[in-house]
Amino acid sequence: MSGKYKTPLLDELEKGPWPSFVTEIKKAAQSSSMPQMADDELGQLEKSYSTRLGYWKHGGIVGVLGYGGGVIGRYSSLPDEFPGIAHFHTVRLNQPSGFFYTAEALRMVCDIWDKYGSGLTNLHGSTGDLVLLGTTTENLEPLFAEYSSRGWDLGGSGSAMRTPSCCVGMARCEWANIDAMDICNTMTQHFQDELHRPAFPYKFKIKVSGCACDCVAAIARADLSIIGTWKDNIQIDQAEVKKYADAGMDIQAEIVDMCPTSCMSYDNGEIKINDAQCARCMHCISKMTKALKPGKEKGATILVGSKAPIVVGSLLSWVIVPFIECKPPYDELKDLTEKIIEWWDDNAKPRERIGELIEAKGMRPFLEAIGVPPQPQQVKEPRKDPFFFWAESDFKK
Amino acid sequence: MSGKYKTPLLDELEKGPWPSFVTEIKKAAQSSSMPQMADDELGQLEKSYSTRLGYWKHGGIVGVLGYGGGVIGRYSSLPDEFPGIAHFHTVRLNQPSGFFYTAEALRMVCDIWDKYGSGLTNLHGSTGDLVLLGTTTENLEPLFAEYSSRGWDLGGSGSAMRTPSCCVGMARCEWANIDAMDICNTMTQHFQDELHRPAFPYKFKIKVSGCACDCVAAIARADLSIIGTWKDNIQIDQAEVKKYADAGMDIQAEIVDMCPTSCMSYDNGEIKINDAQCARCMHCISKMTKALKPGKEKGATILVGSKAPIVVGSLLSWVIVPFIECKPPYDELKDLTEKIIEWWDDNAKPRERIGELIEAKGMRPFLEAIGVPPQPQQVKEPRKDPFFFWAESDFKK
Amino acid sequence: MSLPERKTDIGPPHYEQFLPPVIKNNYGKWKYHEVLSPGTMVHVAESGDEIYTVRVGSPRLLSTSSIREICDLAEKYCDGYLRFTTRNNIEFLVSDKSKVDPLVAELKEKKYSVGGIGPRVSNIIHTQGWVHCHSACTDASGIVKAIMDELYEYFTEKTLPNKVRIAVACCVNMCGAVHCSDIAVVAVHRKVPVVDDENVAKMCEIPTTVASCPTSAIRPNPKTKSITINEEKCMYCGNCFTVCPPIQIHNPEEDGVAIVVGGKIGSLRTSPKFSKLAIPFFYNDPPRWPKVVDAIKNILNVYAANARKHERVGEWVERVGWEEFFKLTGIEFTFQHIDDFTFMRDTLRTSAAFKF
Amino acid sequence: MSLPERKTDIGPPHYEQFLPPVIKNNYGKWKYHEVLSPGTMVHVAESGDEIYTVRVGSPRLLSTSSIREICDLAEKYCDGYLRFTTRNNIEFLVSDKSKVDPLVAELKEKKYSVGGIGPRVSNIIHTQGWVHCHSACTDASGIVKAIMDELYEYFTEKTLPNKVRIAVACCVNMCGAVHCSDIAVVAVHRKVPVVDDENVAKMCEIPTTVASCPTSAIRPNPKTKSITINEEKCMYCGNCFTVCPPIQIHNPEEDGVAIVVGGKIGSLRTSPKFSKLAIPFFYNDPPRWPKVVDAIKNILNVYAANARKHERVGEWVERVGWEEFFKLTGIEFTFQHIDDFTFMRDTLRTSAAFKF
Amino acid sequence: MPTMEFEGKQYEVDEEGYLIDWSVWTEGMAEVMAKQDGIELTEEHWEIIRFLRSYFEKYQIAPMIKILTKEIAKTMGKEKGNTKYLYELYPAGPAKQACRYAGLPKPTGCV
Amino acid sequence: MPTMEFEGKQYEVDEEGYLIDWSVWTEGMAEVMAKQDGIELTEEHWEIIRFLRSYFEKYQIAPMIKILTKEIAKTMGKEKGNTKYLYELYPAGPAKQACRYAGLPKPTGCV
Ligand code: SRM
Ligand code: SRM
Ligand code: SRM
Ligand code: SRM
Ligand code: SF4
Ligand code: SF4
Ligand code: SF4
Ligand code: SF4
Ligand code: SF4
Ligand code: SF4
Ligand code: SF4
Ligand code: SF4
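Protein sequence lines correspond, in order, to chains A, B, C, D, E and F.
Every number in the working numbering is 2 more than the matching position in the first sequence, counting from 1.
Every number in the working numbering is 2 more than the matching position in the second sequence, counting from 1.
Every number in the working numbering is 47 more than the matching position in the third sequence, counting from 1.
Every number in the working numbering is 47 more than the matching position in the fourth sequence, counting from 1.
Every number in the working numbering is 407 more than the matching position in the fifth sequence, counting from 1.
Every number in the working numbering is 407 more than the matching position in the sixth sequence, counting from 1.
Accuracy of the hints is not assured; some may be wrong.
Just a sample of chain C residues kept apart from chain D, beta carbon distances all over 12 Å, derived [stated by the list, open to error]:
1) S84
2) V89
3) E156
4) L207
5) T262
6) P299
7) D393
Here are a few chain E residues that face chain C, going by a calculated C-beta distance under 8 Å [unchecked claim]:
8) W432
9) T433
10) A469
11) M471
12) T482
13) P512
Just so you know, these hints were derived from the structure itself, not from any lab.
We treat Cβ as the ideally placed atom computed from N, Cα and C, and that holds for glycine.
Turn these sequences into a full structure, and let the hints steer you where they fit.
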């Protein structure tokens with residue numbers, strides 16, 4: 003059913019070694035029960051390539067009953083020219099933590115999607131969802147019924163908790179200090195109502211990484227960033243150190259000299275670490291994984307507030323709790339998260355992310371509301387100007 | 003005439019090895035023709051020490067005819083209790099560049115001051131003036147007549163050019179890349195009208211340092227900071243390098259490893275510098291002055307905008323012109339300074355320093371107005387957000 | 048056909064059911080890993096068990112047909128177990144060592160892009176572009192394809208000083224992690240939006256629209272019941288367009304992309320960093336944006352030639368200085384590079400020490 | 048007595064007439080210098096000529112009597128030539144080497160403080176305080192005297208890793224260079240100013256007063272023709288008081304001083320730095336502010352014990368981290384330390400790597 | 408552009424049935440819209456529609472959900488001041504469905 | 408508090424002769440003040456006093472010198488639009504002396 007449009011510009015993008023999304027759009031038309039969708043998607047995209055302009059209307063407000071989110075309404079602004087994509091909504095399926103699948107499960111997702119949608123997907127969306135790209139309003143309810151009955155639920159959208167996501171963590175990584183997948187799954191389940199029924203001032207994202215490598219980029223794009231760490235000493239296997247040296251690693255230059263705190267030394271074939279000075283940055287460990295290991299007293303650092311640049315420039319998340327234990331059922335973490343969200347929800351203006359709110363109100367009211375004391379770990383450096391507030395309570399001291 | 007008041011608190015500050023300002027106040031009463039001034043100053047200060055409160059009114063508006071600045075009016079808020087300091091104005095005498103004096107000249111200053119003032123001075127004020135502390139309104143005109151007839155003029159105050167100042171520079175420093183004292187003196191003479199007759203939106207300060215050591219703190223407290231530098235290679239005397247090593251200097255640790263650009267090496271007793279990578283920070287030169295010297299192609303970096311924290315936090319000066327030649331009669335420098343001041347004067351609100359104005363308007367209009375192109379040396383790093391302006395002229399390219 | 052029973056608030060399927068047995072057995076007990084080739088690695092557990100990972104590139108935009116083909120391969124070599132990475136690559140999870148080489152062979156034969164592990168270019172994080180987003184100021188997928196074709200050998204073979212994370216954002220909403228990428232492309236507008244007063248009055252929340260502007264360029268216009276934009280203040284962010292559709296920001300003549308560099312996410316060695324502006328503008332040039340691709344390749348090559356081992360792009364630039372970056376790459380420095388917004392103070396040079 | 052002829056716009060006396068001949072002859076041709084003792088150094092010219100400098104501390108606030116005594120010494124040993132430093136020390140410029148030791152001997156005998164050259168504590172930059180300024184929130188001279196008495200041997204004898212520049216500002220106008228000092232004291236208010244409505248209405252420019260507030264805490268009050276201050280927003284900077292005297296900021300009960308550390312001016316090794324808040328408050332405690340003095344001594348000692356040679360206070364702290372600074376000095380970390388103003392973004396920790 | 412018929416006149420709506428011009432709304436339109444969705448508007452429904460409408464007329468913006476729930480709690484009792492209750496009345500979501508019935512501009516942005 | 412007598416009434420001034428309450432000013436006071444300084448107020452002087460006064464009444468702030476000089480240039484000719492001219496008329500400085508005659512609040516701050 004493909005080949006409805008001539009697409010000379012897009013066809014250029016089928017050349018070259020990297021897999022082509024154009025080919026994928028063409029392929030989608032082959033398996034979907036609604037081939038006209040992918041076809042018209044291709045046609046409209048070709049038009050965009052020649053005019054350098056997109057042809058989508060502003061996001062629509064469609065959804066499934068009982069949920070306020072999970073579907074992004076989308077309508078072509080050229081429905082007469084491309085009727086197959088007059089409706090072209092995306093459905094966000096909440097991915098399993100860590101993006102693990104079986105072939106069987108994925109096939110099921112595909113089968114339902116071919117029945118109700120364009121046959122196009124994103125594996126995965128930037129937030130983490132399994133994104134199904136292109137369906138119509140009338141197909142939403144049946145599609146949801148089929149997916150949900152088979153164990154799949156929708157992810158977040160709108161002014162709501164967004165689908166949490168995480169790195170592969172303990173499932174396949176020797177550095178995971180926390181069970182990122184379990185935490186991610188637990189938080190997702192804990193906040194189901196907040197995820198499906200938008201009632202926040204704006205979006206709220208949670209991401210969980212097992213260590214400071216931060217393989218899910220939590221520190222840059224999550225309102226709540228949970229990053230694993232440890233408290234005690236790095237575990238050293240000197241025999242393995244020797245093997246790295248024997249294999250030609252320049253331990254002094256590559257490891258010791260690159261340690262940001264200069265807390266390491268390398269003498270007589272042995273690495274020594276002054277752990278009190280170690281910042282747990284993961285450099286040495288990651289480059290010598292057989293010889294060095296995180297400590298045993300594990301937990302997480304909680305950071306808050308990162309987001310994209312709108313309105314006044316991007317934010318990276320800020321350290322709020324330097325160390326928190328993270329053991330099932332994660333009550334302390336849930337509790338803290340709830341307090342964080344509550345303060346934000348109570349104080350934010352519409353479309354104000356928590357990072358922006360903290361910036362507007364200052365750290366103090368935020369920390370006081372969530373019951374966290376001021377700590378030097380929360381700042382890179384203390385304030386530079388002499389303009390600081392005093393609360394009545396400070397005078398009693 | 004001293005001893006009018008009991009000053010048990012201040013007397014405490016006559017103890018200890020560091021010279022005591024209390025003793026100075028007491029001494030002033032001995033030589034001044036108006037001993038009651040220093041006496042009452044002491045009395046009021048003792049009162050401040052016991053009540054923890056100052057007793058001065060807001061700055062007054064006195065001066066000498068034809069000048070708008072140079073005198074800071076000051077009145078005690080307790081004139082009945084301390085009549086000697088009912089008037090207690092300060093006179094700012096413009097110091098000679100580099101703070102050089104002869105005993106003869108200083109004695110002349112003292113003699114006139116004892117005649118018309120309290121006998122108290124500050125050598126020097128923070129801006130650089132020779133500050134005469136405490137006189138009355140009626141004494142201002144005769145005092146000015148005497149000083150000016152003997153070659154002394156007033157310094158700046160109010161919304162005006164302020165008294166420029168500089169480091170000792172070529173007079174006694176082997177690192178001076180520019181003649182800081184000559185530049186300071188030339189600029190002071192060039193801007194006499196602007197200095198004496200306030201017509202600016204706010205104060206404007208110029209400070210000149212001969213090198214990046216910045217011994218006059220120009221980068222932190224001058225609207226226009228002129229700092230000497232060079233363009234070519236650091237001059238190395240390897241024989242002297244050897245002597246430092248022989249004398250026990252750990253050249254690797256103290257010099258090479260502390261070079262911020264890592265552009266030095268030390269091998270076989272010789273220092274090598276990759277001058278293209280040198281930032282001319284002065285560390286190595288200052289610690290090995292017999293072995294290393296600035297290059298020969300000398301000039302200055304022009305920085306703009308530093309100031310104290312009011313209103314929204316301190317500013318350090320920003321690099322505007324990375325390198326400018328500085329030879330008498332300094333036409334290029336004067337010209338640039340005039341353009342800088344003109345743009346500021348045309349655009350600033352009252353009480354807006356030039357750094358604040360640049361912050362409000364952006365670098366572009368400022369640089370365009372003074373005819374300086376954008377250069378990477380002006381920034382520590384390029385902008386981080388994607389929000390940048392385009393002028394019509396940019397589209398023509 | 049009657050629909051199956053609808054459920055709500057069940058959340059995602061539990062990940063456990065998708066874990067290969069060797070992972071379930073060694074969960075949280077991995078000892079180390081080794082990168083065997085640009086596309087394969089092995090993780091070894093304390094028990095001695097091993098899991099092999101074979102990674103292949105993905106356009107992320109996948110048809111159900113392609114997913115089924117991938118599933119076939121997973122069943123043939125991995126008992127059906129596979130996963131996706133946080134950068135949208137596909138990972139085959141091979142429990143049986145002997146199947147690794149045959150899998151890789153079949154993948155290569157079928158033209159899959161095996162690679163992306165270790166110090167190289169991995170998949171490009173990107174978002175919807177003209178494929179699906181009304182906000183798009185460029186197409187993401189096309190730029191990504193053009194770049195990855197050109198940098199292909201940095202994915203499949205060549206080694207770099209460290210990982211190089213590339214991203215593309217199709218507008219300044221930056222749905223990827225462009226703001227913290229080693230190298231990234233971000234689409235930007237350059238013209239003040241055009242206001243359709245009649246529809247603004249009918250369709251928009253005026254206070255919301257006014258509040259949306261980062262530079263306070265928007266004022267309500269009581270006469271038209273619409274708004275007016277102060278052209279001097281507008282820096283074309285499009286946030287007003289996001290909240291009020293009749294404010295039109297798209298301008299196909301003058302829209303295009305900027306290139307930013309030097310961001311990073313991990314806290315290794317140096318703190319996470321925002322990307323900084325390297326090149327303020329290229330016109331949209333579909334289908335292959337050749338100048339954009341060249342510019343990125345140039346930056347990558349200069350990095351590869353100059354950085355020390357383990358240095359990320361941003362770490363290298365910060366070591367040598369941005370003035371040196373511009374010199375080495377030959378990129379022109381413009382007024383756009385000088386921050387005049389939130390971080391202005393933080394980015395202007397306040398030191399007499401710098402390189403010429 | 049008739050007055051001499053009045054002149055205007057003549058500018059300061061030309062420095063040349065005050066230069067010793069050896070300086071005039073070798074102007075711009077100095078080769079090197081050597082620090083001979085904490086209070087003496089020699090500069091050697093290319094010609095081989097030498098100028099010896101003997102530095103003594105000064106309270107800056109000098110009586111004419113004291114200046115004359117200094118002049119006497121200058122005439123006795125230096126042909127009358129002397130200068131002052133940018134930090135208000137006195138420098139005797141000795142052209143005749145043989146006069147150096149006798150000068151030093153006489154100075155010491157007369158209890159002058161010979162020192163301040165090289166890696167030690169030099170004179171404290173400070174300003175008027177209660178001695179002369181209406182804005183003063185503490186006395187500067189008294190604190191300086193108390194500190195210098197305590198740190199005396201760091202001026203006259205002891206060596207530190209590098210120079211330590213101390214400053215005192217008697218209010219946040221910061222007429223010194225407190226904002227870029229190794230260690231500094233800055234006086235701060237802690238209470239919202241009290242508004243005398245009647246006089247504000249009579250004596251102040253309302254728009255100027257409103258505009259003076261950094262946090263927009265001030266609004267005009269049309270009823271009283273005065274202004275009102277939003278107590279929530281005011282952070283006691285006193286700028287409103289500066290432009291409008293009937294707004295009273297002084298509060299002897301709750302005024303006091305803060306201690307800031309880690310600033311520097313020179314561009315050597317690292318960029319110039321602002322000082323950062325170390326201790327948010329001590330009550331004014333005249334005449335000797337003992338807690339302030341102790342706190343400074345503690346910081347100085349911890350620096351001396353921990354910094355590397357040539358490291359300035361700020362360089363040391365940045366190397367070990369501020370969390371370590373608080374640990375080593377035992378200073379309590381409070382809400383006041385966390386920036387909530389201009390530099391907030393720049394100062395919050397955005398990294399998973401830090402010390403506990 | 409699709410339209411909606413009401414009392415014999417045609418009104419422009421978008422593809423999701425939102426009135427293009429919020430100012431032409433009258434109460435009867437809500438009934439028509441609800442009927443299309445198979446919803447019978449009770450007093451509880453109206454409570455919300457009226458609040459939305461009056462809030463919008465006062466502030467020119469739709470209230471945040473938390474303001475809506477607070478208001479409901481005030482007028483209808485605390486146990487009803489939550490999203491669950493709102494979704495019972497408006498299964499497609501209060502922001503989406505109730506705003507549409509109330510003739511408010513279609514919510515934009517954050518999806 | 409010192410006072411100044413004008414038309415038989417006492418007005419509060421500060422130690423430098425500035426009216427404490429700017430609102431009680433009338434033109435005649437300027438004459439009195441000028442006389443004390445030994446200045447004869449010419450039309451040129453009045454030009455400045457009136458401009459200062461009207462500017463203040465409009466904006467509640469004293470104009471910046473550059474605004475004053477621009478205004479003078481406009482009304483009196485370009486060659487007079489400079490500080491030199493102002494200092495000829497008001498040797499103690501326009502900001503200080505003319506503002507005082509015009510009854511404006513005493514300039515504060517920056518000295
Ligand atoms: C689908 C997705 C991009 C993708 O191709 O992967 C996406 C797509 C859109 N994002 Fe996003 N965002 C997506 C992840 C992100 C991320 C990344 C993340 O979540 O980790 C960010 C940056 C992090 C953050 O939240 O700040 C992101 C920051 C934004 C913003 C800016 C928000 C801000 O506070 O600055 C907007 C604008 C808005 O909310 O109005 C936005 C808005 C949008 C909208 C809804 C456009 C709009 O204005 O209505 C896009 C819909 C596209 C479409 O037609 O399908 N999207 N968006 C991602 C969600 C898929 C998923 O659920 O997995
Ligand atoms: C005398 C002196 C302090 C001293 O003891 O040395 C001084 C004293 C005053 N300064 Fe200053 N400043 C003095 C150098 C400085 C410096 C340092 C410098 O010039 O290098 C600064 C910081 C640099 C800067 O300009 O930002 C400085 C920043 C201020 C400020 C804040 C200005 C700002 O833009 O933030 C004010 C407030 C104002 O202008 O209203 C101020 C205001 C004042 C006033 C006039 C108080 C006032 O609000 O009216 C003080 C008068 C004190 C008195 O009664 O004598 N003074 N003032 C210094 C001038 C002596 C001289 O001429 O040599
Ligand atoms: C599979 C994945 C996690 C997942 O849950 O999907 C993953 C897996 C691993 N990461 Fe990662 N990282 C993954 C995304 C990331 C990200 C996030 C991103 O790119 O958006 C980062 C942060 C990047 C940044 O800083 O900008 C990331 C920064 C690291 C680092 C730090 C590199 C550095 O020195 O700066 C390491 C350590 C290393 O490479 O030595 C690391 C190391 C690893 C190790 C070696 C961990 C382990 O022991 O298993 C894994 C294989 C490495 C490899 O691919 O070279 N991983 N890693 C992600 C693969 C993405 C991909 O397809 O390429
Ligand atoms: C006399 C004076 C200049 C003047 O015109 O008065 C001066 C003179 C010299 N300075 Fe300085 N500096 C003087 C104020 C400064 C200042 C300004 C200040 O403190 O307010 C600075 C910037 C301080 C800062 O960075 O915060 C300053 C930073 C330096 C440095 C950089 C030190 C460093 O490593 O950070 C050097 C180089 C050195 O010490 O090795 C230096 C070196 C020198 C040399 C060695 C230059 C030379 O070859 O003659 C002079 C004697 C050094 C000494 O005193 O130890 N001078 N010097 C000033 C003496 C002030 C005093 O009485 O103590
Ligand atoms: S973030 Fe750490 S624990 Fe998680 S996958 Fe990356 S390296 Fe492993
Ligand atoms: S984890 Fe980082 S800080 Fe700690 S020893 Fe290793 S390299 Fe150094
Ligand atoms: S700034 Fe440089 S040239 Fe001037 S005195 Fe200091 S070291 Fe010498
Ligand atoms: S001047 Fe500074 S940057 Fe240059 S070589 Fe010396 S230490 Fe290095
Ligand atoms: S970055 Fe912009 S254009 Fe791209 S998907 Fe996100 S909102 Fe849409
Ligand atoms: S595009 Fe951005 S800056 Fe311009 S008016 Fe709209 S919101 Fe304001
Ligand atoms: S710092 Fe403040 S109190 Fe001290 S002299 Fe300057 S203005 Fe006056
Ligand atoms: S003290 Fe400062 S912050 Fe407080 S009202 Fe006055 S100007 Fe504003």
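Could you tell me which of the numbered hints above are not met by this structure, giving the numbers in increasing order? 7, 8, 9, 11 and 12
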